[in-house]
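Student: Below, each chain spelled out in residue letters.
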Amino acid sequence: MTWEYATPEEYGLADLLCCAASREVQDNEIVFAGTGLPMVAIMLAQKTHAPNLKLIFEAGTLDGRPPEIPTSVGDARCEMGASRASGLHDAFSIAQRGYVDLGFLGGAEVDEYGNVNTTCIGDYLNPELRLTGSGGNPDINSFAKRTVFIMVHEKRRFTPSVSYITSPGWRVKKWPGGEFVHRKELYGAAYRGGPSAVISTAGVFRFDGESGKIYLDTCHPGKMPEEIRELCHFDLDISRVSGETLPPTREELHLIHEVLDPEQIFIPKVKKGV
Amino acid sequence: MTWEYATPEEYGLADLLCCAASREVQDNEIVFAGTGLPMVAIMLAQKTHAPNLKLIFEAGTLDGRPPEIPTSVGDARCEMGASRASGLHDAFSIAQRGYVDLGFLGGAEVDEYGNVNTTCIGDYLNPELRLTGSGGNPDINSFAKRTVFIMVHEKRRFTPSVSYITSPGWRVKKWPGGEFVHRKELYGAAYRGGPSAVISTAGVFRFDGESGKIYLDTCHPGKMPEEIRELCHFDLDISRVSGETLPPTREELHLIHEVLDPEQIFIPKVKKGV
Amino acid sequence: MSGKRITLQQAAEIIKDGASLTFSGFTIWRRPMAIVFELIRQGRKGLHLIEVNGGPQTEFLVGAGCVDIWESCWVGHELYGKYGANLSRKVGAKEILVEDYSHAEMMFRFAAAASGAPYVATQTSLGTDIHNPAYDTLGRAGLRDGKRIPKEKYVFTDDPFFGAGPQVLVPAAKVDIAVMCVQQVGEEGTVRVSGQYYSDPEAARAADITIVMAEEIVPEEYLRRESDRNTITSFEVDYILECPYGAHPTGMFGRYDVDGAFLKDFYARTRTQEGFDAFAREWVFGHDQMSYLEKLGWPRMLSLKANTALNYSTGIKRGQ
Amino acid sequence: MSGKRITLQQAAEIIKDGASLTFSGFTIWRRPMAIVFELIRQGRKGLHLIEVNGGPQTEFLVGAGCVDIWESCWVGHELYGKYGANLSRKVGAKEILVEDYSHAEMMFRFAAAASGAPYVATQTSLGTDIHNPAYDTLGRAGLRDGKRIPKEKYVFTDDPFFGAGPQVLVPAAKVDIAVMCVQQVGEEGTVRVSGQYYSDPEAARAADITIVMAEEIVPEEYLRRESDRNTITSFEVDYILECPYGAHPTGMFGRYDVDGAFLKDFYARTRTQEGFDAFAREWVFGHDQMSYLEKLGWPRMLSLKANTALNYSTGIKRGQ
Numbered sequence: 001m002t003w004e005y006a007t008p009e010e011y012g013l014a015d016l017l018c019c020a021a022s023r024e025v026q027d028n029e030i031v032f033a034g035t036g037l038p039m040v041a042i043m044l045a046q047k048t049h050a051p052n053l054k055l056i057f058e059a060g061t062l063d064g065r066p067p068e069i070p071t072s073v074g075d076a077r078c079e080m081g082a083s084r085a086s087g088l089h090d091a092f093s094i095a096q097r098g099y100v101d102l103g104f105l106g107g108a109e110v111d112e113y114g115n116v117n118t119t120c121i122g123d124y125l126n127p128e129l130r131l132t133g134s135g136g137n138p139d140i141n142s143f144a145k146r147t148v149f150i151m152v153h154e155k156r157r158f159t160p161s162v163s164y165i166t167s168p169g170w171r172v173k174k175w176p177g178g179e180f181v182h183r184k185e186l187y188g189a190a191y192r193g194g195p196s197a198v199i200s201t202a203g204v205f206r207f208d209g210e211s212g213k214i215y216l217d218t219c220h221p222g223k224m225p226e227e228i229r230e231l232c233h234f235d236l237d238i239s240r241v242s243g244e245t246l247p248p249t250r251e252e253l254h255l256i257h258e259v260l261d262p263e264q265i266f267i268p269k270v271k272k273g274v
Numbered sequence: 001m002t003w004e005y006a007t008p009e010e011y012g013l014a015d016l017l018c019c020a021a022s023r024e025v026q027d028n029e030i031v032f033a034g035t036g037l038p039m040v041a042i043m044l045a046q047k048t049h050a051p052n053l054k055l056i057f058e059a060g061t062l063d064g065r066p067p068e069i070p071t072s073v074g075d076a077r078c079e080m081g082a083s084r085a086s087g088l089h090d091a092f093s094i095a096q097r098g099y100v101d102l103g104f105l106g107g108a109e110v111d112e113y114g115n116v117n118t119t120c121i122g123d124y125l126n127p128e129l130r131l132t133g134s135g136g137n138p139d140i141n142s143f144a145k146r147t148v149f150i151m152v153h154e155k156r157r158f159t160p161s162v163s164y165i166t167s168p169g170w171r172v173k174k175w176p177g178g179e180f181v182h183r184k185e186l187y188g189a190a191y192r193g194g195p196s197a198v199i200s201t202a203g204v205f206r207f208d209g210e211s212g213k214i215y216l217d218t219c220h221p222g223k224m225p226e227e228i229r230e231l232c233h234f235d236l237d238i239s240r241v242s243g244e245t246l247p248p249t250r251e252e253l254h255l256i257h258e259v260l261d262p263e264q265i266f267i268p269k270v271k272k273g274v
Numbered sequence: 001m002s003g004k005r006i007t008l009q010q011a012a013e014i015i016k017d018g019a020s021l022t023f024s025g026f027t028i029w030r031r032p033m034a035i036v037f038e039l040i041r042q043g044r045k046g047l048h049l050i051e052v053n054g055g056p057q058t059e060f061l062v063g064a065g066c067v068d069i070w071e072s073c074w075v076g077h078e079l080y081g082k083y084g085a086n087l088s089r090k091v092g093a094k095e096i097l098v099e100d101y102s103h104a105e106m107m108f109r110f111a112a113a114a115s116g117a118p119y120v121a122t123q124t125s126l127g128t129d130i131h132n133p134a135y136d137t138l139g140r141a142g143l144r145d146g147k148r149i150p151k152e153k154y155v156f157t158d159d160p161f162f163g164a165g166p167q168v169l170v171p172a173a174k175v176d177i178a179v180m181c182v183q184q185v186g187e188e189g190t191v192r193v194s195g196q197y198y199s200d201p202e203a204a205r206a207a208d209i210t211i212v213m214a215e216e217i218v219p220e221e222y223l224r225r226e227s228d229r230n231t232i233t234s235f236e237v238d239y240i241l242e243c244p245y246g247a248h249p250t251g252m253f254g255r256y257d258v259d260g261a262f263l264k265d266f267y268a269r270t271r272t273q274e275g276f277d278a279f280a281r282e283w284v285f286g287h288d289q290m291s292y293l294e295k296l297g298w299p300r301m302l303s304l305k306a307n308t309a310l311n312y313s314t315g316i317k318r319g320q
Numbered sequence: 001m002s003g004k005r006i007t008l009q010q011a012a013e014i015i016k017d018g019a020s021l022t023f024s025g026f027t028i029w030r031r032p033m034a035i036v037f038e039l040i041r042q043g044r045k046g047l048h049l050i051e052v053n054g055g056p057q058t059e060f061l062v063g064a065g066c067v068d069i070w071e072s073c074w075v076g077h078e079l080y081g082k083y084g085a086n087l088s089r090k091v092g093a094k095e096i097l098v099e100d101y102s103h104a105e106m107m108f109r110f111a112a113a114a115s116g117a118p119y120v121a122t123q124t125s126l127g128t129d130i131h132n133p134a135y136d137t138l139g140r141a142g143l144r145d146g147k148r149i150p151k152e153k154y155v156f157t158d159d160p161f162f163g164a165g166p167q168v169l170v171p172a173a174k175v176d177i178a179v180m181c182v183q184q185v186g187e188e189g190t191v192r193v194s195g196q197y198y199s200d201p202e203a204a205r206a207a208d209i210t211i212v213m214a215e216e217i218v219p220e221e222y223l224r225r226e227s228d229r230n231t232i233t234s235f236e237v238d239y240i241l242e243c244p245y246g247a248h249p250t251g252m253f254g255r256y257d258v259d260g261a262f263l264k265d266f267y268a269r270t271r272t273q274e275g276f277d278a279f280a281r282e283w284v285f286g287h288d289q290m291s292y293l294e295k296l297g298w299p300r301m302l303s304l305k306a307n308t309a310l311n312y313s314t315g316i317k318r319g320q
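Residue numbers (my numbering), protein chains in the order written: chain A, 1 to 274; chain B, 1 to 274; chain C, 1 to 320; chain D, 1 to 320.
The hints are simulated quantities; they were obtained by calculation from the structure and are not laboratory data. Keep in mind that a hint or two might mislead.
Simulated pairs of lysine-lysine, DSBU-like, Cα-Cα distance not exceeding 35 Å [said to hold, decoys possible]:
hint, chain 1, residue 1, chain 2, residue 2
1, A, K184, C, K317
2, C, K151, A, K173
3, C, K317, A, K173
4, D, K82, A, K145
5, A, K145, C, K82
6, C, K305, C, K317
7, C, K4, A, K47
8, C, K45, C, K94
9, D, K147, B, K269
10, A, K174, C, K94
11, B, K47, D, K264
12, A, K47, D, K4
13, C, K4, C, K147
14, B, K184, C, K305
15, A, K145, D, K264
16, D, K4, B, K145
FRET-style restraints, in silico, Cβ to Cβ [said to hold, decoys possible]:
hint, chain 1, residue 1, chain 2, residue 2, range
17, C, L143, A, E258, 33 to 43 Å
18, C, G297, A, E251, 35 to 45 Å
19, B, N52, D, T308, 52 to 62 Å
20, D, T308, B, E244, 43 to 53 Å
The beta-carbon is built from N, C-alpha and C at its ideal position, and this holds for glycine as well.
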């Protein structure tokens, strides 16, 4: 593989997100992937720097190596080449048993401690909008050592307080009272880790190891830290920015568009022939 | 099938037990069978009056119809013709879920309330003899609506107090104190039934519907009630004897020896040519 | 013959008003759509859906007003419709009660029921609003009678054995009827699922009555020749029926793909009740399975047909 | 190639003195006997066996003095030896600790561990001496540290959800190593078991390390062509080895039958320690797998060979 970075005209935002997500994976890890862009990202990692990663699909495919990108984790394209095609009880049992290193998730809203909402907008009991619901988001986030969220960056989505905590971040609610405590305090012996990054359409965010508070790590090419801070309803820490998000390489773009998603199911082509 | 009873010279004790056990099964029942004589008895019922019974083997065979008698429930002969070959978790889940009508079990000792011991002779903490242990005996007996025990009749085995309650009868120990209470009281909403018969080498015993106390129902041909009472260490109720245990029919003997167990794995042939 | 065979109409008739139901499949795969359509035609009311996850079957039943309670974790059409617009509308209008659990919790709830255990201990979703006691919808509605609906939504406890951290006890998912859609069922009820089996074995066993709709009813003896390849036991299945393409517009491993265009159209047109009603008039009412297939037509169905070497279609357009 | 391949000797070396162990199989079927023999040759001590049920593997290890704690529900040789004579002898002499659970309890304990749950609720064995608090052997021995060995043998409680009657909480079965013996394993660890899989999937997942000994190591790609037929996932398996007839004298579905004559002989001769020692000198010490097979000889092994249409042998004498 040639590690030759593409120029901004050669890739789109979805390409950038896909490659940034792919780079969160280390070789030999066991990765739990949801439908969509995360699937492409993980299969990209499988074909580049992490050939020995093991892929789990929630619907029951274990150590999958689909020859074509599945459109969802229940897809008939998941089974071919997998170690096992089984069911959800196996997938979640393996996750609760502690096998999963990394999970890729999405969200509609995120707060500054990585709590994510995919359930509703507005009051849960009188919602403005009911969304899809949790799916396996809180489960993967509870069981995996690290989770990475991929999100569209809109100011209303980066909020001091999400409408509903669907997926647990670094400061979570302790029931029955609902007071916020550090995740480690609540999870106790069941603690394995938590959100490690948010990859938005603006930049890559990480969480302080002590406080669990979000900070900006890298800005996507062309974005400035202050600009991204303005795109958050909370006071984003931009003091730790390490630079710019690395763009896709030409090899990665080739793999995404010619090998993994030639049908443009999840990732549109920006330019012909790239 | 011709319902023509065999004469005493034509059958052995094992034949008699096998047929008596077989007659405990009703058609369409789901039956949990252990290794040995119970297996032959159930397969005999399957081939006579209960063609639609469903057979479960503890090791994981569900709705089994083995073409040859298995030597144990883990045997490769279990799978052929079964609805499913799976595992113990399925078998015990199905049992706990409430599917099982009847279980066939064995025992080394039985008390007058149907508590059975298969664990040790003498004090558990200083045993004279450690036996095989419980296996699934208490489980099947807890989950099934009825259980039938098949036992060798020796006076020491029919005891007022078994060394160790492996399998629960009609008056069982309530922990932590260990005082005896009626099974229905202890099991509460989990109550499904309990021991319905003991088929020994002397006769067939049943349990009073109220007190759960054992009584003699039928004497095997040639045995007298008083004689059988003398073969028990407890005071056996012989006031309810309904008659003599029905002998095998010639058809049953044919099935046992020519079809089900021609190799005489579990049931020896008494006479050549029968 | 076991006498388990019924018709599509009879299958729907077994499901009475007010019944609790669950389904085979996963999101947009192997859903018993033909029975769902028949339930809508028969005007079923007051259903309580308890699903590991939802999908088009949920959206059709909810849109048609058949459902009073939906207990699950997710509904949508994957790539072809990002959320459940009918459910969302009815939730907003308070025409339906929604009880949220997490996906793993729903799965473990079915596993507990299938194993005859009243509950199971998990360590998931700690600290989330899923566990918020104020959001116990069935409790707020006074429906926790301890029969079908457990007395508690959750019990929070500790692990007395290993100190493994806080434990969440989730109640078994008790359902009246499981409605399954699979590739093969034998005459006596033995089911062989190909590909991922999702939560089908647990769903079938958790339910008191299990109805299996299959692409084909096959000789029982054929399935019993390789008993280690079968998925659901004969005696766990109460009724069977053969209904080719019964999962359409959802997909079936080895047989046909998801009809994405159909789902996109359904999602786009059923944001409003009027839209749903029009869609149902076009595709559900006045149809039976044959006229539905006729309306779909050969070109569409052939493009969905799975390649038998790959188990999925190579003829459909999936992307933009 | 995944680099998971090891030798028989290495497999035994992974199992250290004092380790907790479990095995594949059921009573006298699919037991990893070749590794058991190698453990005896290597003089392993202080093992803690946690088994859904015991069998010849238990009796060999116990007879050889390798085992300090046996936690299970049953040991014997089925038709070929009605109880575990070696275990019985050592229990009588107080040379071994025995912790009794019921069969379903042991199975559910492994299922809990495999699912990452610290315990599971059951309704079995109520009222028996299995639940007698005075018979908590590991508690009496002061070994309940809450690590491998749970702090409590049982917790008795109620069902807060449905009032389903008294519940017995049994702790997860935590084991260091699962030693499996199966028909096929792929180069990357994927296992395909044929026939009944007993408690193998749970045993493999409950253990921290899983060693799979197979009749054959097959191309991983071969198993992945039909991924819905596989039993244990690649990444659940840490080490693999090929060892034909590695389960002898126990049997293996589709490959060879139980060697009943061998087990009868073992049972008859090992009632005493002297008898066991002599048997081990004859069949274990000084042997490797090849010389063991040579000693068994072709006629014996061919008579055990399974008919490929039936999956069991038609050539052995089973009865009197």
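Student: Now tell me if each hint is right for this structure.
Tutor: We went through each hint and held it up to the structure:
no., hint, verdict
1, A:K184 <-> C:K317, "violated, 47 Å"
2, C:K151 <-> A:K173, "holds, 23 Å"
3, C:K317 <-> A:K173, "violated, 45 Å"
4, D:K82 <-> A:K145, "violated, 48 Å"
5, A:K145 <-> C:K82, "holds, 28 Å"
6, C:K305 <-> C:K317, "holds, 13 Å"
7, C:K4 <-> A:K47, "violated, 49 Å"
8, C:K45 <-> C:K94, "holds, 16 Å"
9, D:K147 <-> B:K269, "violated, 54 Å"
10, A:K174 <-> C:K94, "holds, 28 Å"
11, B:K47 <-> D:K264, "holds, 31 Å"
12, A:K47 <-> D:K4, "holds, 22 Å"
13, C:K4 <-> C:K147, "holds, 28 Å"
14, B:K184 <-> C:K305, "violated, 56 Å"
15, A:K145 <-> D:K264, "violated, 51 Å"
16, D:K4 <-> B:K145, "violated, 48 Å"
17, C:L143 <-> A:E258: 33 to 43 Å, "violated, 55 Å"
18, C:G297 <-> A:E251: 35 to 45 Å, "holds, 43 Å"
19, B:N52 <-> D:T308: 52 to 62 Å, "violated, 31 Å"
20, D:T308 <-> B:E244: 43 to 53 Å, "holds, 49 Å"
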